[in-house]
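Undergrad: Residues per chain, in single letters:
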Amino acid sequence: MADNNKKEIKKHYITRSESRKIAKENSRAIAGFEKQKKRKVRPEEYVTQMKDDKNIVEFEDLHTYFFSDSGTVKAVNGVTFSVPAGSTVGVVGESGCGKSVTSLSLMQLVQAPSGQIVSGSIRFRADMFKLDEKGKKIPVYEKYTDENGEEKIKLDEKGKPVIRKNGLGGNMYEMERQVVDIAKMPTEAMRSIRGREVAMIFQEPMTSLNPVFTIGNQLDEVGRLHIEGISKHQVKARSIEMLQLVGIADPEGVYKKYPHELSGGMRQRVMIAIALLCNPKLIVADEPTTALDVTIQAQILDLLRDIKGKINGSIMLITHDLGVVAEMADYVVVMYAGRVIEMGTAEDIFDNPLHPYTIGLQKSKPTVDKEADSLYCIPGFVPNPINMPNYCYFRDRCEKCMEKCSGEYPGLIKVSDTHSVSCYLYEGEEVKNG
Amino acid sequence: MADNNIEVNTAEPVPATEREFLEVENLCKYFPVGFDFFGRPNKFLKAVDGVSFKLKKGKTLGIVGESGCGKTTMGRTLLRLYDITSGDVYFKGQNVSALKNREFDKLRPNMQMIFQDPYASLSPRLTVGEIIGEAARQHKIVEKSGYQDYVLEVMRMCGLQPHYFERYPHEFSGGQRQRICIARALALKPELVICDEPVSALDVSIQAQIINMLIELRKNLGLTYIFISHDLSVVKHISDEVGVMYLGTMVEYGSRDSIFNNTLHPYTKALFSAVPVPNPHVKMNRIILKGDIPSPVNPPSGCKFHTRCEKCMEICGRIAPNYKEVEEGHFCACHLYNTVEETEQLELKYEEERRLAEEKADELAKKQFWKKVTDKLHGAEKNNNVVSPEVEEKADSAVSEALADKENVKDVPKE
Amino acid sequence: MAKYIIKRILLALLVLFGVSIILYFLLRMMPINYVMEKFLPQINQGNMTWEDLGRIMKLYGFDLVMFKDENGTMLGEVNNSFGSIFTGYWQWLWNFIRGDMGQSFKYNEPVNEIIASKMGVSFGISFVSLIFQVIIAIPLGIKCACNQYGKFDYITTVLFMTLTAFPSFFLGNMVIKWFAEDLGWFPSGRLDSGLGLTGIAGFGDMIWHLILPMFVLTILSIGSLMRYTRTNTLEVLNADYIRTARAKGLSEGKVVYKHVFRNTLIPLVTVLASTLPMLFGGAMITETIFNIDGIGKVAYDALKEGDIPLAMCYNMFIAMLTVIGTLLADLMYAVVDPRVKLSN
Amino acid sequence: MEENKEEINSENVTQGNFNDNLHGENLTERAKVLSPGMTVAKRFFRSKLSVIGLAVLIILFVFSFLGPLFSPWSAAEGTVKDYNSDLIKDTYTVFRVEYVGADGETYEAYDITIDTPDYVILGDINGSHLMGTDSYGYDVFTRLMYGGRVSLTIGFVVILIETLLGVLLGGLAGYFGKWVDQLIMRIVDILSCIPTLPLMLILSVVFTNIFDVSKLYYMMGILCLIGWPGTARLVRGQILSLREQEFMLAAKCSGLSTSKKIFKHLVPNIIPQLIVSMTLGLGSIILTEATLGYLNLGAPLTTATWGNMINLAAQSTYRQYYPNLWLGAGICITLAILAFNFVGDGLRDAFDPKMKR
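Respectively, the protein sequence lines represent chains A, B, C and D.
When we follow my numbering, the leftmost residue of the first sequence carries the number 1, and every step to the right adds one.
When we follow my numbering, the leftmost residue of the second sequence carries the number 1, and every step to the right adds one.
When we follow my numbering, the leftmost residue of the third sequence carries the number 1, and every step to the right adds one.
When we follow my numbering, the leftmost residue of the fourth sequence carries the number 1, and every step to the right adds one.
No wet-lab data here; the hints were simulated from the structure.
Don't take each hint at face value.
Unchecked claim - Below, a sample of chain B positions facing chain D; criterion: calculated Cβ distance under 10 angstroms:
no. : residue
1   : Ser67
2   : Gln116
3   : Leu126
Glycine included, C-beta positions come from ideal geometry on N, C-alpha and C.
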């Protein structure tokens, strides 16, 4: 017994030589990726085409790894899905399934140097500034037609051309719609997308706002950064408008307050206001309600739904709560151990779940309106995606495990136009003309 | 040690037969938050403010509420992890709130707790075996010779593998850690286990495992649970009785069926409707509460819920509702369920209290008045030994001044 | 707020009272007595009797005990019995409360005047070196944290940590040896060249003399301040709100110099506030090495020679500065960090 | 597809052993983890500075504790043929006696040390004396080794006693709170308000009439007395924060005895911080010892310590013309402080999970 214990424990720990090997590999890998990042990237390298023009974001075979001391954590291990424009996509999964890392990869916010986007692409359709030969933005000037019928640029008193204002009160520049691959994009270029085209709402409203600046300061910052040529007065007006939009009763008062003077729900509203400030095309909400109470959660979800209609954007909602997804999402992506195991419309996933994990997940959650003596439960634990074998990761916990499951990892099988699943149970049921 | 328990229990045989397994009467826990110059507390956070309930052996009481409602504090105060401010706790007929700390320590194995955060509640530098077994050894629940076997048996019961015995808690996932916590509690052979949000930090698939395990252990070991959670569906699944708390007070209490099928309190209704349902077709008619939960340091007057209540009436802002049995075994604290007489009584009581407060203010004003007069007189006497007409005049003006003051003084307590 | 400050001041008075007791008793226990040392030669030469000395000692607040040794020669020593020291202490405390700090045995002047007159130079040196420390250490610390384990981080850290590890006297002597004695670039000590220069020339002369001590003082403390900045910055860099700032699209410079810096400042301010005693109290060893007639050197001599009133006053002065420094640190904390509200 | 749901339902609920009905290899167990010791070691060795620090420390220790075994000279053995012990005694007191100075013999000794040809031996660096000899003919290099022995030993002894005191008093204050806390913390306040250097000066003067080794012990005592408030503060703070942790509540809930709560739950959790503060403290103790030595107030001058060796630098003749006498000691002190700081910083990063990247 005791000997057995010792053996088990030994098996459990990394040996010194293994650890050394890991460290060596990690430092080599990290050095490689960091070098890659420092390289100058020409725009041609990251401008691509969308597979489907209806989408706003397409993830394709994304791999994001963390090079940790206990080995390479394949947090995102070949994820492919897309977010159609104007829709809400819910990404569900348990802790450590890579859903948050997927969203951070989209923002290029994976904690470097240990975390790196290794391969794959994240295509995003963005409105980028058109640049002239010198790399400067090209302004759009106010024009008028003079008595001769010629179009002329309007000049101000000092004789300088007047730049046309956009809807937010800033200067208007020539834009072009580009599809960029965020996984290959340099951070420099990424900065003009962050906060302007994609905005993110984080899980912890308590720590996500800088404690030493006022709410107003933190809101204005975004406006001043992304809306060029906007006046101080206009920025403040815009910030207060946003606070009003997210349902804060006393926006002028909150504008002057510090984060610690607000409750969790209020702070999350402020976070949403910050996200909305530049009318982004996509809002990434990483567990926006997990830290909140149920009644406050209901308020925030209500608000998110409300806002999506107003700004005409898309939402990528990351959560572990099936209820939240069912309520919010049009499309659902279920992740397990760094992989997408099933995806489809909300109806597909909730009415007709296919993957044993999805089914188990839904049944193991007690609900208020159902009665059951004993809950269904999935045995075992969520694996830590280190050193994964090449067979279905859910195999050991699966009740429907077949012999085939010991074979290589099953690919995504498209069972209907919208519904795909990665499980051998449904082999042969795929629709060909997807 | 076990004999000792029996002795203690038989010492008071009469109440033991009358009382339920666990009775809580008017339990209060105030945390001091403000201090005066000499460090004496002058401002309190009323985390638990007069909670009462009874619990039969083998039953499970679910406590629901949002953060800051005092549910965790209540659990901890019950086990005297915090000092009780006032109120009584009867455990198997014995008033444990009156015991000395040293005596209560001997009773502790009977009442155990499972904590919310499986990461923070395990001492990081002890092995799993040590964590589970150390208290059992201290309370001599197990012989030294059978110690390891006993711990392994408890571990097996909680779904932990034997080779975990010598590992450290940080090597485990949340679910396994929670199992360790449960094993630690059960190793002491308790009768009452307070589960303080045992599953809220866990993944859904793991939650189900833990809940099933808790239910099975209850069946096998005859445990009594107080299950504290913010998750209504979990509470519904596991509880026999349910209590709903809001800002330190119990707003509704009853059997599970009566609470879920015949919800009375508007807060409970809102709470139920706020839970998202994993079904995209169900579009619930949701009651969305306005605003945030008020701070328990400064709770609203009258009914504490009136600031967010959609059925708020005029009376709610002024008078706190009675906590009363609306139907059999179903308690609720809401003016909606008052009979006409009850409302009248409450109004009368309120008037009475107001009158008393006013009288007090009057008295204060009078005192002020006399003080003023004597002060003035004193001032005069210092200058002049004989009371001159001048002094009288001064006193008169003081009187009129004081009378003017009286109005002001009276106004203060009203606000 | 006012209540908080009053309470803190009352506590501080209690602490200062304790400090004064300990210091006075220790000072009296020193085997050296300035007055006695001064008059002993005269007694040995027979110009003075022990009784005379006893009367003089009384004036200075001491009690002389006279006795005969086995040869019958008259001898005397200071009465260091508990009672005598206690009386002496009460006398000192009473005078101290009334604002009379006493007369220095050595200089025969009121000690507060001595301290006030010598403080200027010490403050000047410390202040300039503090400024240098801050402007060098803080940016370097932040830069190091941003490149944690990078080349810049290693080089800077090794360099400044090494400089900080030098004991002040060692560094001081090395600097004197190389820059003053071997190379002859700077004078090896003192405040001026003794040429009686005035005006700008005089000031320049003084600066020229003070460059080395300032250099030593700066070098000695830069490392720890830098290290402290670095550690705190690292902590802030891992915070969630920094990720939020990046998600807004802010440039790395803006993230660091607005969001990170403001938060790093919070602990730094408290550290800076606690340098107060050093700022006014002089650098004892450095001043001694460079032979600068500042408060540190005066105090050093007083302590070594047993000039009790001066030593007492100096130490109480430092203790008070320490107390004020901590109070100031707490108050500053509340100023820099909006979350902190001072209460009991 | 609806039947899928039903099928699994009919198999229903796993009972009893929750972990055992897994199919094939358990993936959760597949990921190996670092053992607790390895985790710390890993983080410690990640920083090159801590490695350098550790190496320097090892070199210093070997140099001080093993070095003398290989040296042909001893700390008390000179090469000046005609020296006698009386002379040594007299010349050693030269710097002090200068002030008292009333008797002829001493004046003579004073002359010898300054002017006699023996003096030339200073700085005579040759094959047998790596760093030359001092005015008494002692081999400086060997004395450096012996000095290291004393300085490092003082450091270790002092830090141990100081930490014990600090843990005891800080622990009492933190655990019991109320008046115990008030009392101890006021004492700590008072002690930390007294400026260190002046206090050391006063105390050294108090013990000025002691010339033998016992002065060393007094000095160690003083160093302990000055050092413990810092440790006490640290321990108290740690205990106050640990006391609020859930695992302490759990310990209370289990009805554990006070001693078990303190020694099994609290103390092991503050040991990392203590080790860090001890390592950093060692550096500062060595520095204080050296400062006292430099000011001629430390260990008796006959004892070789780094501090005593460096005090020669205070005199301009030695400073300017014989750096071999004091430079070595200075470098050793600097290296020791630096190394302890590096190791301490490395340990802090290793123990503190917040710092990990």
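Undergrad: Identify whether the interface hint at Leu126(B) stands, where standing means a beta carbon of chain D within less than 10 angstroms of its own.
TA: Given a least distance of 7 angstroms, the restraint on Leu126(B) holds.
Undergrad: Holds or violated: is there a CB of chain D closer than 10 angstroms to the CB of Gln116(B)?
TA: 8 angstroms, holds
Undergrad: A closest beta-carbon separation below 10 angstroms is what the hint needs, so does Ser67(B) meet it against chain D?
TA: 16 angstroms, violated
The structure fails hint 1 only (numbered hints given earlier).
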